[in-house]
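J.: Sequence:
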Amino acid sequence: METCDLPALIAHTCGESAARGLGRGGGTICDPRPEHAELHPSFSVWKNRAGVWLWKRRGGEAGGGNAYHLLLSLGQGPAEARRTLMEWTGTPGGWDGGREEAAPTDVLLLAQEALSRVRPVGECELLSVTRKLRAVTDGSPQAEELSRRGLWPPGPLQAYALGSTLAFVLRGPCGRVFNLKRRSLTERRRYWKACAGGGAPAWCSPGYGHAARVLLVEGELNAAAALKALGEGWDVQGLGGADTWPFLEELGREVWIYGDGDAPGEALRARLFDLAHACGSPRVRVIPPLDGQDFCDVLGTAGPKALRGVIGARAFSSPVPVRFPAQIESRAAKRMIRALGAESDVDWPLRRCPT
Numbered sequence: 002m003e004t005c006d007l008p009a010l011i012a013h014t015c016g017e018s019a020a021r022g023l024g025r026g027g028g029t030i031c032d033p034r035p036e037h038a039e040l041h042p043s044f045s046v047w048k049n050r051a052g053v054w055l056w057k058r059r060g061g062e063a064g065g066g067n068a069y070h071l072l073l074s075l076g077q078g079p080a081e082a083r084r085t086l087m088e089w090t091g092t093p094g095g096w097d098g099g100r101e102e103a104a105p106t107d108v109l110l111l112a113q114e115a116l117s118r119v120r121p122v123g124e125c126e127l128l129s130v131t132r133k134l135r136a137v138t139d140g141s142p143q144a145e146e147l148s149r150r151g152l153w154p155p156g157p158l159q160a161y162a163l164g165s166t167l168a169f170v171l172r173g174p175c176g177r178v179f180n181l182k183r184r185s186l187t188e189r190r191r192y193w194k195a196c197a198g199g200g201a202p203a204w205c206s207p208g209y210g211h212a213a214r215v216l217l218v219e220g221e222l223n224a225a226a227a228l229k230a231l232g233e234g235w236d237v238q239g240l241g242g243a244d245t246w247p248f249l250e251e252l253g254r255e256v257w258i259y260g261d262g263d264a265p266g267e268a269l270r271a272r273l274f275d276l277a278h279a280c281g282s283p284r285v286r287v288i289p290p291l292d293g294q295d296f297c298d299v300l301g302t303a304g305p306k307a308l309r310g311v312i313g314a315r316a317f318s319s320p321v322p323v324r325f326p327a328q329i330e331s332r333a334a335k336r337m338i339r340a341l342g343a344e345s346d347v348d349w350p351l352r353r354c355p356t
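Residues in the sequence shown are numbered from 2 upward in steps of one, following our numbering.
Hints are supplied without guarantee of correctness; some may be wrong.
The calculated EDC-like cross-link candidates involving lysine to aspartate or glutamate, where the alpha carbons are at most 20 Å apart (straight line), are [claimed, not checked]:
1) Lys48 - Asp244
2) Lys48 - Glu36
3) Lys48 - Asp6
4) Lys194 - Glu146
5) Lys57 - Glu88
6) Lys194 - Glu124
7) Lys57 - Asp107
8) Lys57 - Glu233
9) Lys57 - Glu124
10) Lys194 - Glu126
11) Lys194 - Asp244
12) Lys306 - Glu233
13) Lys57 - Asp298
Keep in mind the hints are simulated off the structure, nothing from the lab.
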């Protein structure tokens with residue numbers, strides 16, 4: 002099962018036309034199983050970090066798993082499915098029936114392991130960077146870059162000029178500074194962290210945790226664009242790459258997911274879909290990827306209304322959240338934090354950092 006090429010197996014067992022649309026990294030196609038035919042693609046195929054091919058039918062109880070589970074769902078018995086896999090992969094016979102199947106991937110455990118390496122930047126290191134920050138002014142290269150993306154003025158992005166680069170603050174769910182991210186305006190190396198170490202934290206929107214739903218987006222600037230288009234009623238997290246993880250706080254609400262249209266973006270959407278359900282989300286929505294564009298492109302060329310249409314957002318009535326004592330205490334702490342400084346103050350990141 003670990004060495005089975007699942008796209009090739011689908012083509013072999015269900016016909017080459019059934020696997021059309023699957024690339025090296027997998028993809029999403031119509032369910033190839035005859036008894037589960039559909040008009041709109043919802044059958045996702047991807048490789049996990051261990052290099053094992055997996056599949057899942059989205060939006061229902063139509064199954065998922067590895068190559069072995071696919072053969073079972075096609076009507077083969079356990080012995081026949083194992084024999085098919087051994088023949089297909091060239092594995093020698095002699096299976097004695099005593100080896101247990103590998104446990105399914107625990108996506109929540111993977112997220113927790115990755116997030117254990119995410120730490121806020123130290124105050125001294127942060128101070129050495131913030132001393133170099135300058136306000137972004139009209140007509141500067143940084144302002145032109147933000148304007149091209151529909152993000153000028155930057156608002157909640159909290160963007161600055163750092164040398165010849167654009168820099169923006171990465172805050173966690175409670176508003177604490179985890180790092181600053183730099184974007185080159187000229188070099189091929191597009192993004193890097195201003196402070197070394199600390200893992201790969203996501204960008205969280207200001208006041209995170211107060212909305213009825215959360216949007217998880219590939220790309221911090223795309224997340225800022227979505228927040229500008231959606232306005233109140235949404236929390237947003239921007240992930241720095243397709244192989245990174247969001248913070249788990251407040252993922253037990255309605256979750257919306259967006260990833261790029263390439264193979265890593267497809268794998269990201271599938272992974273976040275499973276993660277949201279593992280965190281207790283009652284409803285998960287996956288936004289179809291854009292063709293050759295991202296959220297910033299739409300916001301910069303067509304405006305907030307067009308981006309809202311792309312996201313598929315409608316006017317929602319926000320339910321009154323259930324507040325437990327710990328949540329009440331957390332919200333009170335956030336109100337106190339916001340009183341410590343204005344977002345336009347360059348020293349604001351430092352004053353919000355606990356000593």
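J.: Indicate, hint by hint, whether the structure satisfies it.
T.: Hint by hint, here is what the structure shows:
Taking the CA atoms of Lys48 and Asp244, the gap is near 12 Å; set against the 20 Å cutoff, the hint holds. Between the alpha carbons of Lys48 and Glu36 the distance comes to roughly 25 Å, so the proposed pair goes past 20 Å and is violated. Taken as a hint, the Lys48 and Asp6 pair is honoured in the structure, with Cα atoms around 10 Å apart against an allowance of 20 Å. This hinted pair checks out: Lys194 and Glu146 have alpha carbons roughly 18 Å apart, not beyond 20 Å.
Taken as a hint, the Lys57 and Glu88 pair is broken in the structure, with Cα atoms around 24 Å apart against an allowance of 20 Å. The straight-line distance between the Cα atoms of Lys194 and Glu124 is roughly 16 Å, inside the 20 Å bound, and the hint therefore holds. Between Lys57 and Asp107 the CA atoms are separated by roughly 15 Å; this keeps the pair inside 20 Å, and the hint holds. With a C-alpha separation of about 33 Å, the suggested pair Lys57 and Glu233 falls outside the 20 Å cut-off, and the hint is violated.
Between the alpha carbons of Lys57 and Glu124 the distance comes to roughly 44 Å, so the proposed pair goes past 20 Å and is violated. For the hint pairing Lys194 with Glu126, the CA-to-CA distance comes to about 12 Å; that is within 20 Å, so the pair holds. With a CA separation close to 16 Å, the supplied pair Lys194 and Asp244 stays within the 20 Å bound. Distance check on the hinted pair: Lys306 and Glu233 sit about 14 Å apart at the alpha-carbon level, within 20 Å; holds.
A C-alpha spacing of about 31 Å is found between Lys57 and Asp298, which places the hinted pair above 20 Å, so the restraint is violated.
Hints 2, 5, 8, 9 and 13 from the list above are not met by this structure, while the remaining hints are.
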